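Student: Using the sequences and the hints, build the whole thing.
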Amino acid sequence: METMEKDMTGEESLRIITDMINKTKFNIRQGSFHLLFWGWLIVFCSLSEYLLFKFSDYATPWYIWFFVIPGVFVSLLYGFIKGKKATVHTYAEMIYTWTWMAFLIASIVLFILLSDRMGSFGPYILTVAAIPTFISGFIIRFRPLIAGGISFWLFALAAHFGGQEIAMLSVPVAMLTGYLIPGYLLKRKTDNDKV
Amino acid sequence: MIKFKDLDPLLHSQLRLAVISLLMNSEAAEFTWIREQTGATAGNLSIQITKLKEAGYIEVEKKFRNNYPQTLCRITSMGREKFTEYVNALKEYLNPDKSRI
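Protein chains in written order, with the working numbering: chain C, 6 to 200; chain H, 969 to 1069.
Since the hints were made in silico from the structure, they are not lab data.
Bear in mind that the values here come from a model prediction, so they are computed numbers and not experimental data.
Think of the CB as a built atom: it goes at the ideal place given N, C-alpha and C, for glycine as much as any other residue.
Be aware that one or more of the hints could be misleading.
Between beta-carbon pairs, the in silico distance windows are [stated by the list, open to error]:
id, chain 1, residue 1, chain 2, residue 2, range
1, H, Met1046, C, Phe71, 44 to 54 Å
2, C, Thr102, H, Thr1039, 15 to 25 Å
3, H, Gly1024, C, Ile74, 26 to 36 Å
4, H, Glu1004, C, Phe60, 50 to 60 Å
5, C, Leu109, H, Arg1033, 36 to 46 Å
Lysine to any residue pairs mimicking SDA-like chemistry, simulated, CA-CA at most 20 Å apart [claimed, not checked]:
id, chain 1, residue 1, chain 2, residue 2
6, C, Lys90, H, Thr1052
7, C, Lys30, H, Thr1052
8, C, Lys28, C, Phe116
Tutor: Here it is, written out as structure tokens:
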């Protein structure tokens, strides 16, 4: 970069502004870790709960969801390490991070509120999970994630009106459309893809 | 019609304009990252950052991370305002018939 004080044309000024702003765009690939990690963790928990409910006499199959607790720590630790290593913090990244943090807090509150009727947890958590998914899709301008957020709302309705068995199966299927498919599509993109 | 001499002289410089443009979208950026993005030498960048800091366009925070010194730069609300004014003036210069936005 030229550092001398010299006359610039208007076009040069605009080019510098455009070039520099493009360099602060969000690296979209970094979001794929959380989508894939949570997608698979929730698929594991929800399918295990369904199988225990269907094929065993276990009284409280929802206990399998306690696997989510170490998952939260893994996710937070990953984000913390990435954040510490980052040499720049863009506003897009901050909005992205805090939208997901708000979802985490909302999930804990929901867990407390619904702890006496865990069987009906699915539609509520899908409704709340749709919000950061949908917003993140817009932040990184990635349509599969926007569609994933919408699919969460549709599966939440299916889970509510479809009876207990559909409610239990809605969650793993929603993970496929909301986290796993967008997560793998995101991962396929190169490191240089920015939005 | 706006002339180039009417543009903010502090921003109408390649490296300072690049620094402010980088900081517009960032909550905070490290000196090393700004140097990588602009391709400037550390000495030159340091001089330009000091000018921007003295004018109140940016804030500079020095701290340590893992025992290494770290210099963080942030744009101030004044810097944001001046950048917006600069872009508006530039638009007016380039498209004198169009109204400011």
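Student: Output the numbers, in ascending order, of every earlier hint that fails for this structure.
Tutor: Hints 3, 5, 6 and 8 not satisfied by this model.
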